[in-house]
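Visitor: The listed protein sequences derive, respectively, from chains A and B.
Counted the way the working numbering counts, the first sequence spans residues 1 to 232.
Counted the way the working numbering counts, the second sequence spans residues 1 to 232.
Just so you know, the hints here were simulated from the structure itself, not pulled from any lab data.
Ideal placement from N, C-alpha and C gives every residue a C-beta, glycine not left out.
What the simulated footprint calls covered on chain B by chain A, stretch by stretch (three residues with Cβ under 8 Å from a Cβ of chain A suffice, anywhere in the stretch; the number is not a length):
| # | segment |
| --- | --- |
| 1 | 23 to 37 |
| 2 | 90 to 98 |
| 3 | 102 to 108 |
| 4 | 135 to 145 |
| 5 | 201 to 212 |
Here are the simulated lysine-lysine pairs, DSS-like style, with alpha carbons at most 30 Å apart:
| # | chain 1 | residue 1 | chain 2 | residue 2 |
| --- | --- | --- | --- | --- |
| 6 | B | Lys210 | A | Lys68 |
| 7 | B | Lys139 | A | Lys158 |
| 8 | A | Lys69 | A | Lys114 |
| 9 | A | Lys139 | B | Lys216 |
| 10 | B | Lys114 | A | Lys139 |
| 11 | B | Lys210 | A | Lys4 |
| 12 | B | Lys29 | A | Lys203 |
| 13 | A | Lys224 | A | Lys203 |
| 14 | A | Lys223 | B | Lys105 |
| 15 | A | Lys211 | B | Lys2 |
| 16 | B | Lys139 | A | Lys224 |
| 17 | B | Lys210 | B | Lys178 |
| 18 | B | Lys161 | A | Lys68 |
| 19 | B | Lys69 | A | Lys210 |
| 20 | B | Lys206 | A | Lys68 |
| 21 | B | Lys114 | A | Lys224 |
| 22 | A | Lys114 | B | Lys224 |
| 23 | A | Lys210 | B | Lys68 |
| 24 | B | Lys158 | A | Lys161 |
| 25 | B | Lys139 | B | Lys216 |
| 26 | B | Lys105 | A | Lys206 |
| 27 | B | Lys105 | B | Lys118 |
| 28 | A | Lys105 | A | Lys4 |
| 29 | B | Lys29 | A | Lys51 |
| 30 | A | Lys203 | B | Lys118 |
| 31 | A | Lys159 | A | Lys224 |
| 32 | B | Lys203 | A | Lys35 |
| 33 | A | Lys203 | A | Lys51 |
| 34 | B | Lys105 | A | Lys139 |
| 35 | B | Lys114 | A | Lys210 |
| 36 | B | Lys139 | A | Lys223 |
| 37 | A | Lys114 | B | Lys178 |
| 38 | A | Lys4 | A | Lys29 |
There are 2 protein chains.
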Amino acid sequence: MKGKLYLIPVPIHNEEDFNIEYTPPYLIKIVNQIKIFAVENIRTSRRFLRKLNPKYDIDHTVFELINKKSGSDDFIKILEYLLNGNNVGVMSESGCPGIADPGQKICDIAHQNKISIKPLIGPSSILLALMASGLNGQKFQFHGYLPINSLERINALKKLKPYTGSHIFIETPYRNQKVFDEIINTFKDRNRKLCVAIDITGKNEKIFTKKIDVLKNEVIVLKKYPTIFIIE
Amino acid sequence: MKGKLYLIPVPIHNEEDFNIEYTPPYLIKIVNQIKIFAVENIRTSRRFLRKLNPKYDIDHTVFELINKKSGSDDFIKILEYLLNGNNVGVMSESGCPGIADPGQKICDIAHQNKISIKPLIGPSSILLALMASGLNGQKFQFHGYLPINSLERINALKKLKPYTGSHIFIETPYRNQKVFDEIINTFKDRNRKLCVAIDITGKNEKIFTKKIDVLKNEVIVLKKYPTIFIIE
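Go ahead and model the full structure; you've got the sequences and the hints to work with.
Guide: Written out as structure tokens, the structure is:
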């Protein structure tokens, strides 16, 4: 019998903010029974397992590294574990595997080989930000990262048309302030709204949605916490 | 001091499949301390509270109904609770409040009145489906419901351009088969993929992603379970 592929969300906040009560107990039980993991970061994955269960037998656990550089050999290795009847857990560095990370490729291969995939309930900063934004949740679009080049980024922002739902994107934390300032300066529509969702589930969580016009007259300093931007 | 607005996801499966272990313990603790809820369906909300805590004092809990018919008076009532220092919990009929439901409007009003909003971790069929789909999770678009009229729906499907990320939509369960057949017959691109995610987190959960070309030659019968469709 083939194994199952479990998609295991991991915390999205800083490690020091870890609280086991954020995790559904069924996830802990499932993880305790898995001995092979495909992970984006071995060090953080080991620490997460130990936090879920301090007695977790890390030394007898297999970690296969899967990241942007992974080639077909790496994916075939994981497929073989599954075809040989082993359950495999997939963990990203943070958040939900399969969303903006290499977990997607593993799922693709699993589908091609009729492996059953079980996504587990957990934190997603994209979803939590959208829930709390008060912006359009009937229609929305996730754009991932905007271009790194400032001019290209401003052009991409200009293309986010209004009245077609919410536009969600992420940035690397050290560019938060720059991108925020660009958004404020790019949009001319007084009524357009921006949600900034900072350090979701973390100690410094802060979520605000305001008209861009209002934000122009405020002094907003964004620190280097993971941040989600949503424009409606 | 103002109250906080807590966004409380509720199970997305059938009630008989309820398992408390799918719920993060911190959500149960928070819910136990809330005495006022804005809900889409009072009956299911009461039952969910009782399942989270059989001793929950339902008789001393206030439920305000918020749905598509709610007018500004209903929303002002909730705002007043918050301004008077009460915490308020928002619950949809299933899944995450604020995503494709009236919770969005409450959050909008909360932001305008500088009420702090706290979204809690829980199940979202949209997100779980996307995670497991193996389709593009770097860029995706949620379209909500497609048009009810069959010709208009087929036209909407034709507009879902390939290579621009994943297109996610939902349907009312009794139209699942019709929509599935339309998708199969509308797309001419042999390599285009469709993910069908059925009854996510429920007893009949089934998630498959295949090329539309392959699906054309299979006999697929969709029952009336909640289903998410994703086309890449």
